[in-house]
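Number of protein chains: 6
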Amino acid sequence: MKPVVVRNIHRADSNAVGILESLGVSTSHEALGRSNLMKPYMRPIWAGASIAGPAVTVLAQPGDNWMIHVAIEQCQPGDILVVGCTTDNTDGMFGDLLGTSLKARGVKGLVIDAGCRDVAELQQMGFPVWSRAISAKGTVKATLGAVNIPVVCAGVNVIPGDVVVADDDGVVIIPAKLAVEVAQKGFKRREDEDGKRQKLASGILGLDMYNMREPLAKAGLVYVDNPEDV
Amino acid sequence: MKPVVVRNIHRADSNAVGILESLGVSTSHEALGRSNLMKPYMRPIWAGASIAGPAVTVLAQPGDNWMIHVAIEQCQPGDILVVGCTTDNTDGMFGDLLGTSLKARGVKGLVIDAGCRDVAELQQMGFPVWSRAISAKGTVKATLGAVNIPVVCAGVNVIPGDVVVADDDGVVIIPAKLAVEVAQKGFKRREDEDGKRQKLASGILGLDMYNMREPLAKAGLVYVDNPEDV
Amino acid sequence: MKPVVVRNIHRADSNAVGILESLGVSTSHEALGRSNLMKPYMRPIWAGASIAGPAVTVLAQPGDNWMIHVAIEQCQPGDILVVGCTTDNTDGMFGDLLGTSLKARGVKGLVIDAGCRDVAELQQMGFPVWSRAISAKGTVKATLGAVNIPVVCAGVNVIPGDVVVADDDGVVIIPAKLAVEVAQKGFKRREDEDGKRQKLASGILGLDMYNMREPLAKAGLVYVDNPEDV
Amino acid sequence: MKPVVVRNIHRADSNAVGILESLGVSTSHEALGRSNLMKPYMRPIWAGASIAGPAVTVLAQPGDNWMIHVAIEQCQPGDILVVGCTTDNTDGMFGDLLGTSLKARGVKGLVIDAGCRDVAELQQMGFPVWSRAISAKGTVKATLGAVNIPVVCAGVNVIPGDVVVADDDGVVIIPAKLAVEVAQKGFKRREDEDGKRQKLASGILGLDMYNMREPLAKAGLVYVDNPEDV
Amino acid sequence: MKPVVVRNIHRADSNAVGILESLGVSTSHEALGRSNLMKPYMRPIWAGASIAGPAVTVLAQPGDNWMIHVAIEQCQPGDILVVGCTTDNTDGMFGDLLGTSLKARGVKGLVIDAGCRDVAELQQMGFPVWSRAISAKGTVKATLGAVNIPVVCAGVNVIPGDVVVADDDGVVIIPAKLAVEVAQKGFKRREDEDGKRQKLASGILGLDMYNMREPLAKAGLVYVDNPEDV
Amino acid sequence: MKPVVVRNIHRADSNAVGILESLGVSTSHEALGRSNLMKPYMRPIWAGASIAGPAVTVLAQPGDNWMIHVAIEQCQPGDILVVGCTTDNTDGMFGDLLGTSLKARGVKGLVIDAGCRDVAELQQMGFPVWSRAISAKGTVKATLGAVNIPVVCAGVNVIPGDVVVADDDGVVIIPAKLAVEVAQKGFKRREDEDGKRQKLASGILGLDMYNMREPLAKAGLVYVDNPEDV
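Line order of the protein sequences matches chains A, B, C, D, E and F.
For what it's worth, my numbering labels the leading residue of the first sequence as 1, then goes sequentially.
For what it's worth, my numbering labels the leading residue of the second sequence as 1, then goes sequentially.
For what it's worth, my numbering labels the leading residue of the third sequence as 1, then goes sequentially.
For what it's worth, my numbering labels the leading residue of the fourth sequence as 1, then goes sequentially.
For what it's worth, my numbering labels the leading residue of the fifth sequence as 1, then goes sequentially.
For what it's worth, my numbering labels the leading residue of the sixth sequence as 1, then goes sequentially.
For reference, chain A alone in the conformation it holds in the complex (with noise of 0.2 Å):
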């Protein structure tokens, strides 16, 4: 890993983004056909947020948030801090005084393998963070890292300007260059499963309206009348 900052990177289409950030995690993660999706430790430290935004990434070093704070001249309003870690680790990298600095920037919230502290200050102030945990560990800033290059964030490799979508069901990563298209699946995905919502309400079941009965059946599910019959 060289130390380096990049500069300019290129960010996902604003429109598409926009459709994302209403759509939220699981449409997105289904319409981008499953994949990238953040491992499940990655949890919002305070519950009801919804954002989407380009990704400004920062690899650091475990303990070390040096990283975050050069990375911050790097963001753009919309943008979304994506904090990946050489090591396995939980220290608190990210408190309310860098979610001051973010704020003001105009960052729509942050998404940090490692930890965060100060967390009802940043609530109160409706930043949100995504952490693998919450820790007041503090750390220095002693060693370099990099800023704007590829970085792996809770099991997915990402790409500086991709899309962070980010919810109370976790966060995906839709790659830029797909954002648009699936941006597009999603909406189209999010209109059907109206209708469906719509049906099973009314207590059709899923069996019937999925026609699987069939497949089940050559599949070779048996039913039996009582346990007895197993």
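Relax, there's no trap hidden among the hints.
Between beta-carbon pairs, the in silico distance windows are:
id, chain 1, residue 1, chain 2, residue 2, range
1, B, Ser14, D, Asp208, 50 to 60 Å
2, A, Asn211, D, Gly33, 22 to 32 Å
3, A, Ile204, D, Arg213, 33 to 43 Å
4, B, Leu207, E, Arg213, 54 to 64 Å
5, D, Asp13, F, Val230, 20 to 30 Å
6, D, Ser14, B, Ala217, 51 to 61 Å
7, F, Ala219, C, Gln184, 51 to 61 Å
8, B, Leu207, C, Phe187, 36 to 46 Å
9, B, Ser14, F, Val222, 28 to 38 Å
10, D, Glu214, A, Asp192, 24 to 34 Å
Just so you know, the hints here were simulated from the structure itself, not pulled from any lab data.
Note that the Cβ used here is the ideal one computed from N, Cα and C, for glycine as well.
We have chain A; now place chains B, C, D, E and F onto it with these hints.
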């Protein structure tokens, strides 16, 4: 494992279910003799729900929710769906569409030894879920499992028809044949606890209320005045 | 380990305790020099509480809460009970009856390296608990431990009388003999942070406010314009 | 849970046990239809042992091995002791003294959902153990459990008399009533695998041997020549 | 994710691969600048193997090894198969039949972010595997994944053709385009370390050999004679 | 935490150390009264070593092994180095160069609450290490810690000079002031166990040898003949 659906199960006594629901998890677990409690990783996706009902069981494959669709048809109003998995898995096997379908059928809630998604929507519609993880990861419908056979869920063997009691403290399973006896014991226990609570609130020590001083002394407990005396 | 109860402990200065309570975990932890923070698995069972007080300590056996009953008698108003365990254990060693008793005695809260139950009731009565797990699993009263000896709790060695500071960010232990000094340092730090927060909110970058640009360049950080230049 | 010892259990057919021992875990598990495999945290304390035998079961309390002492009397030559625990626990409930006693009785090995100690001594005496942890933590003999009731061990419900098959791949439980059938299926499967192994060793691809090319194409798999074509 | 197989990949320089194999994981990782190391849960199923080779990559679904069968055809002698999974999963996706097939093809070993079985057989045939778990759990062949696309495996993004270096210390990925440079740096580093090792073996302290005393003093390190002086 | 090195520590009695080494972890832990055992994640990197010696302690920062270099100078022949970390961390803070240096100084082994690398080399040179992980991840030398202050390592508070006992069962810490007493108790215990082992090997049941039948009956244990009688 045979791919089978059992249609008729022996649901626990409904009066007992009602009492167990009012008692909650901790008291029901005590009344059963402190067994059959699911492992503590099984947590509600939103706080405040407290339910009880007969179990309809599902054995699912990792990343595959086909059998949940099959199981819905076997549910009656008041039931609780319990999903075990052949392998540890956190994929989001359950979301708001399945929740809509279960709600339409009068099912009280879901306990799933895997992941759940659409948590904001599920909370909004008031459908309670206890799961091992929250994850948007989509699933397939490719491999058979079984419905209404005994399944191990979060460390507990659940027989279809057993009473599931679930609240903010977790999930406990009361075997159907013991439901009436446990409900009675739990009811007494709660009354007994109400009396104890009043005494403790008035400042009486548990040491005295439970007559612990003598057995503690017999077991060898020693009091010293200062740290230096240890 | 000798089964012993120490009656008299040296509680930290009460003024310092008051200041530390107002500072909270992250600032107190920084002021101490970034040590003595409990591991991040130690989480509040409900959000929003923020307390500090001298530690009364308990060493308990797995699945056995006998010593908690013994410890209550040793507590004074304003104390915080800290429970370590001889083995990793998640059993529900603490519930609303013990909470009622501690509250009657004026104890501010509990930190337990094991499980807690009756979380809904404890939240309702406003008694804060930090625990490693939530579990209804009942416990026995069979084996002796000790009260008011040094115990390791969630990775920190706690001396009876040390200041426990606990909030949504976790739990930190301030040694009694350092309490006054740490309170003073923390107080200054908070004032200093208030100034920084205003600057950052106005858009000044941390890079400039902390004079980081020169040391970053010295350490070898390079800026490039495009991803292709890396 | 009632504190009870069941004296007579229905041990699985001994010929089937012999065949299952020769087949090992993976083949037995396949022949059963891929269920009843213990979770992968259950590992041998030393490599190379491969055994099978009827289960004598123990339900133990955390940190308490009283019931293991009780269970030994119920063991017959060729049995395997299976210990479940009411809570996740890693205490060293089993050591070389208990191993000596079990060996004297002709017991083939131990499967314990808790900790084991004296691992060097147990390896030296050739007594195989599968456990969730290695720990020297001593245990008490204070609280009752049960012997020869169904117990959940590492995620599997074990009925006394079921066949335990254990080797370097882990532990699988074959229900007693299915033992003969599973042994037969497994025997066939092994012969079948021997043929496949020879073909694969000669360079024939599984793609061809299993006729996978057509179903892969039908499922939509596409071959491209270069990374740029994706 | 598109279900695709890429036929031609750019394999790293073979001389560099040879050098990296002789250097092993720790030195290669240092020479790369301390990045791209797989998480430490990735462990060899038997000790003593030390290999390097170009990566052929697989993205598999949880509990499904269909794509491994597909990938074998794309392997050349000297390659190492790297399997990532769309979800955390420990099922035994790889066993001795697949090992036989890979060995017949001249593949050096396997790195799999899932489970492995038949460990005794694989050790006997000398086929090395690094996996996140050992499990006999059988898998299905039902859902498509991809072969030779970039995959995240144990926290590292692996591009097909990158050099996999694996030994008892774990697994590191050297990007193909950096392989020659890293091999050269690593070679120098090893020579340098040989010199240091001799000095240290003769009793010279690292404090002196690395000239650490002055920077330590500058950073504020203080020596005191007795514990009471702290 | 103050960045300090304490030069003189009170090492435990050397005769006691010798006896404790011969007793091993499990017996020493019992003789101490079953406390001060490190958590079971602390495992040897190679099996078969069994050592005891006075602790020289290090408090290190995550991903930083600067203080280990400092500590070596403070070690005497026969010592064991014990490294705690301010945060959970698995980086490979220790490798064969440091091992060479410690060996040259006569240090018996290392216990580190972080990662270790070069495991093949360390095994070859016969230098035993107990660690929480194996990882090649390189570390920096940037931030101060401390040497020979009390540190919490794997859940145990270690005072410099305390006896470290380590073998295949794990690691236990015997406080220096109790070393003689514990060595004596342990010696007796071992003799006592030798007698018990012979009886158990001859087929005498623990139930009888320990006179457990009466207390079991008093506690309420019931024997029934058949599963149906439960």
